[in-house]
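Participant: Following the hints, complete the assembly by docking chains B and C onto the known chain A.
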Amino acid sequence: MTIFAVACAGMYPILHMGRPWLAYWLLPYPNTMSLFPQFRSPLLWDVFAVSTYATVSALFWFVGLIPDLATLRDRAQNPVARMIFGMLSLGWRGAASHWHRYETACLLLAGLSTPLVLSVHTVVSFDFTIGIIPGWHATIFPPYFVAGAIYAGFAMVLIISIPLRVVCRLEDFITEKHLTNMASIMLATGLIVCFGYAMEAFFAYYSGNLYERFMLVNRMFGQYGWAYWCLLLCNFLAPQVLWFKKFRTSPFWLFVVSLIVSVGMWLERFVIIVTSLANDFLPSSWGQYIPTRWDFATFLGTIGLFVSLLFLFLRFLPMISMYEMRSLLPAAKVNGGKGAHGGGHA
Amino acid sequence: MVRGRTVVAMRKHPLFGLMVEFVEPTDVVRAAHEAYQAGYRKMDAYSPFPIEELSEALGRHKSGRLPFIVFGGGVTGLLAGLGLEYYASVISYPMNIGGRPLASWPAFIPPAFETTVLFAAFAAVFGMIILNGLPMPYHPVFNVPQFAQASRDRFFLCIEAKDPKFDLAATRHFLEALEPKAIYEVDE
Amino acid sequence: MSPTDLARLDLRAPEAWAQSRRKALVVGGVATALMAVGFFLNREQFLRSWLLGWMFWVGLGLGCLGLLMLQYLTGGAWGMVIRRLLEAGTRTIWLLAVLGLPIFIGVKVLYVWAQPEHMDEVLRAKAGYLNVPFFLARAAVYFGLWIGLTTLLNKWSTSLDEPSVHYAVEKKIKTLAGPGLCLFILSVAFAAIDWVMSLEPHWFSTIFGLMWLISLVLTAHSFTIAVLYFLTQRGRPMGVLVNKHHFHDLAKLLFAFVMVWAYFSFSQYLIIWSGNLPEEITWYVTRLSHGWEWFGVSLLVFQFAVPFLLLMPRSFNFNASLVLKIAGLILVMRLVDLFWMTAPAFHPKALSIHWMDFVAPVAIGGWWVSEYLRQLATRPLLMVGASGLEEALQHGGH
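Residue numbers (the working numbering), protein chains in the order written: chain A, 1 to 346; chain B, 1 to 188; chain C, 1 to 398.
Since the hints were derived computationally from the structure, they do not count as laboratory data.
We put the CB at the ideal spot given by N, CA and C, even for glycine.
Treat the hints with care, since some could be wrong.
Said to hold, decoys possible - FRET-style restraints, in silico, Cβ to Cβ:
| # | chain 1 | residue 1 | chain 2 | residue 2 | range |
| --- | --- | --- | --- | --- | --- |
| 1 | A | F221 | C | S159 | 49 to 55 Å |
| 2 | A | M319 | C | E293 | 50 to 56 Å |
| 3 | B | K162 | A | L305 | 49 to 55 Å |
| 4 | B | K162 | A | V80 | 33 to 39 Å |
| 5 | C | R12 | B | R152 | 52 to 58 Å |
| 6 | A | W226 | C | P313 | 37 to 43 Å |
| 7 | C | F358 | A | S34 | 52 to 58 Å |
| 8 | A | V80 | B | P164 | 41 to 47 Å |
If we strip away everything but chain A, and leave its shape as in the complex, we get (with noise of 0.2 Å):
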C-alpha cells in the first residue's frame, strides 16, 4: 500500500514541474552546467525524503517477501513460476543461522523506518512551513501533518481491509481486535489533528497579526468556507463516533467511517493549500481556483493506478506474511523453550 502510494504521489511533482521530461535534474548529481540543486529548499528535502522512503519500503518490503517466495517457490507447479520464484527469493532455505540474521535485519529496519516515516511526512509539512505565507508558516504543522498521515493512512488500511477480509474470507487472520485497536488509533490520530485545526485557530487570534486573523476567518467565511465546514463535519464530528463500542467494533459503521474520514483528509489539503494561496497578503494577488477536468482526470487517474496496482499485487504475491502468520500457531511453540533452564530437554 505504501508503495503504491508513494507511486501515485510521485506523479504529482513530476508532473508539476512543466518539463517532467527533466526531473532528474532535481537530484544532486556533478552536470556539465556546474550547477547544484539549493539545500535550503523545503522541495529539495522532499526529493530526499520520499526517494529514500520509496527506497527503504520497497527494500523493507522485497526483504519480508524472500521467505514466502521461497514458499511459492516449492509450491509451484510451472517450472516457469518456479525459476521466477527462485531467483526472487534468492535461494532461501530457511537455515537457521540465516533466520536469525534475517530476524535482525528485519527488526533494524522497522526501527530506521519508524523514523522515517515520521519524517517524511514532516519534510512535506515543511514545504509549506518553511515559507512565510498565512496559514502555512505554523509550527505545530509537523506533528500535525504525521498524525493526519497516520489517520488518512488507517482510514485506507480499513477501507482496503474490510471488503477483502469478507471476499478473501481472511476474518481469522484480520480479526475484529485488529479493526477494533485501528478504530482506536485512527481515533486518537484524529484528536491529534483536532488540536492542530484548534491551535490554529486559537493563535490566529492570539498572534495578533492582521494576517493571521485574515487568514482564520477567510477560511470560514471566505469563497472556499464551505469546505472548511465540511472539513470539520468529516474530519472532527464524524469520528467521535468511534468513542462508542458499537462503532469500534462494527466493520460496517469503521468502513463508513474511514471514507468520511479520507473524504475529510483531502478536504484537509485543499482547505490548507487553496484558501492560503487564493487570499494570501496583497489583495492584487487574490484569485480564484476553480480545478479543471485535467486536475480531476489527474486525480482519478491515480486512484485507478492505487487500485490496480493493489489488485496486481493481491493476485501475484501472498498479501499476509506466511512465515509470520506459521510462528503464531499453537503448534509453532517449542516445548521447554524459553522457559526451560539448562538442559533444554523437552
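Facilitator: Using the frame of chain A, we list chains B and C on its own:
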C-alpha cells in the same frame, strides 16, 4: 529404526551430509541441542519460520555483526549527506538565499537525516543478504525432493560431511536415535 | 505469582524513606527561608526564580497524570510496575497549586502584558485573552480539571488493591482516561501558553503546547525511573518483582520521548529560522547570543545526543544503573531547558544567573519530594488486583 540400506554402492556425487526430517519444532530444537552436545559443529537446521531457540541450540552467538554494519552505514550516510550539502552549498555553487549563511546547518539536517536512514537501510538489507551468502540458487540440500517441505511445515537438521566428527555409520546411528520422521543422504 | 500471593507480600514503600521525607522537609524549609530573604532583596527576581522552580515541579506532577492516563489506555508491562508511583505523583498536584500562589499573586510583576506601561498595539489586540482576571480564572480551571481527574482516578483505583480482579472498575477508569487525556493535553497546552509563552507576549509558536507536553512527560518518566530504581535497590519485594526487562521497556520509552522532544524542538527552530520573520525570530536571537547560546548547545549535547547514543544499543538498556544515570541527566537538563526558555525573556541583552535560580527549585522541590514520599507510603506499590499484572511481572522473567 534402522534403515536397511547398504552403504557400499558407488556414489555418483560426493556426500554433502546427512539430513533428518522432523514434524514438530520441539523435536528439531532438541535434536540440534543434542547434536551440539555430541560435538558436531558443521551443521544447520531448516525451518519454515524463525525459531529463536534453534539458532541458540546450534551455538550461534546472540548478537551478530549486522547491527554494527548498520550503524556504520548510518554514520557513512550522515557524513555523506552533510558532505554533499556542504560541498554543493559552500564550495561548488554558493548562492545567497534570503541572507542565510552558506553553511546553513539547520537547513542541512533534513536531507542528511534521510541519507543516514537510506545508507543504514542499504547496510541492513545488503548486509543481511551478503552475510547470509545469498543469492545462492543452488545448495546441496535442495537435492532432496522432500526438502521442499522445509518452507512449509517440516523441520530439517543437516550435519555436513565436512564436520571432523562425521562418520557415515556413526552419525547415521546417532541421528536415528533422535527418532526423526526420515533420514536422507544429501549429495553435493 | 498469583494476585493472592502478591497480596501477602509487604508492598509498602520502604520505611527508611520516612527519614528522607523529613530531610526533604528540612531542605525545603531552609531554602524557602532563603527565598524569603531574597524576596525582600529583589522582588522581581524572586518571582522569576520561583516561576522557574515551580514550572519544573509542576511539570513533574502533571507529567505523572498524563503518563498515568496514557498507561491505562495503552496497557503494557512498562506501566504496570510504575502505576502507583505515577499515582503518588498525581496526588501532589494540590500542593503544586498552593506553591504556585506567589506567581498568581505576583502576576503584574512577572508578566509584561499585565503592566499598563508596556501596553502597545500588539498587546492590545491580545488583551481579550491576556488579562489578569481571565488568566487567573483559566489557572483555576486548569487546576480544577487536573485535581478532579486525579481524585477520580485515585479513588477508583483503590479497589484494585484487592486480589480479585475488578473488570468493571478498570473499564470505568479506561472510559475516563480517554476523554481525560484529551482534556489534559488541551489544558496543558493552554497552561504552557499562559504561564511560559506569555513571558514574551509578542512571540508565539503553535507547537509550544506540545513542546511543553513532551517536556512534562520526559520529566515525569525520568523521575519515575529513578524512583523505581531506588525501590529495587531496597531488595524485597520490588527488587525481586521488577527485573531488567522492565527497565529495558522503560528505557526504550525514554528513548522515544527524547527523540520526540528533539523532533519538536528542532522543527520549531528550523521553521522559525527559515521564515526569519521579525515577530518570531527575536525569541531565538535572544537565546542564541550573549552567552545564552551555551545553554542551547548543552541541550543539544546532553538532552539529545548523549541520551540518544547511550539508549540506542540494546545491551545498554538492560543495565538499570546506566538507565538511572541517563534519567538523572535528563532531569537536570529539563531544568536547564526551562531556564533557557524563561530567563532570556527577562535578560535579553546579557547572560544572568541569580543565586535564587538555584535555591527556588530546591525550595519547591523540598516540599514536593516530601509530599510525594508521603503519598507513596499511603498505598501499596503494586495494584494487586489489576488485570495484566501477572503477565507484566512475568515479562522477561526467565
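Participant: Now tell me, hint by hint, if it's right for this structure.
Facilitator: Verification of the hints:
no.: 1; hint: F221(A) with S159(C): 49 to 55 Å; result: holds, 51 Å
no.: 2; hint: M319(A) with E293(C): 50 to 56 Å; result: holds, 53 Å
no.: 3; hint: K162(B) with L305(A): 49 to 55 Å; result: holds, 52 Å
no.: 4; hint: K162(B) with V80(A): 33 to 39 Å; result: holds, 35 Å
no.: 5; hint: R12(C) with R152(B): 52 to 58 Å; result: holds, 55 Å
no.: 6; hint: W226(A) with P313(C): 37 to 43 Å; result: violated, 54 Å
no.: 7; hint: F358(C) with S34(A): 52 to 58 Å; result: holds, 56 Å
no.: 8; hint: V80(A) with P164(B): 41 to 47 Å; result: holds, 43 Å
Checked against the numbered hints given earlier, this structure breaks only hint 6.
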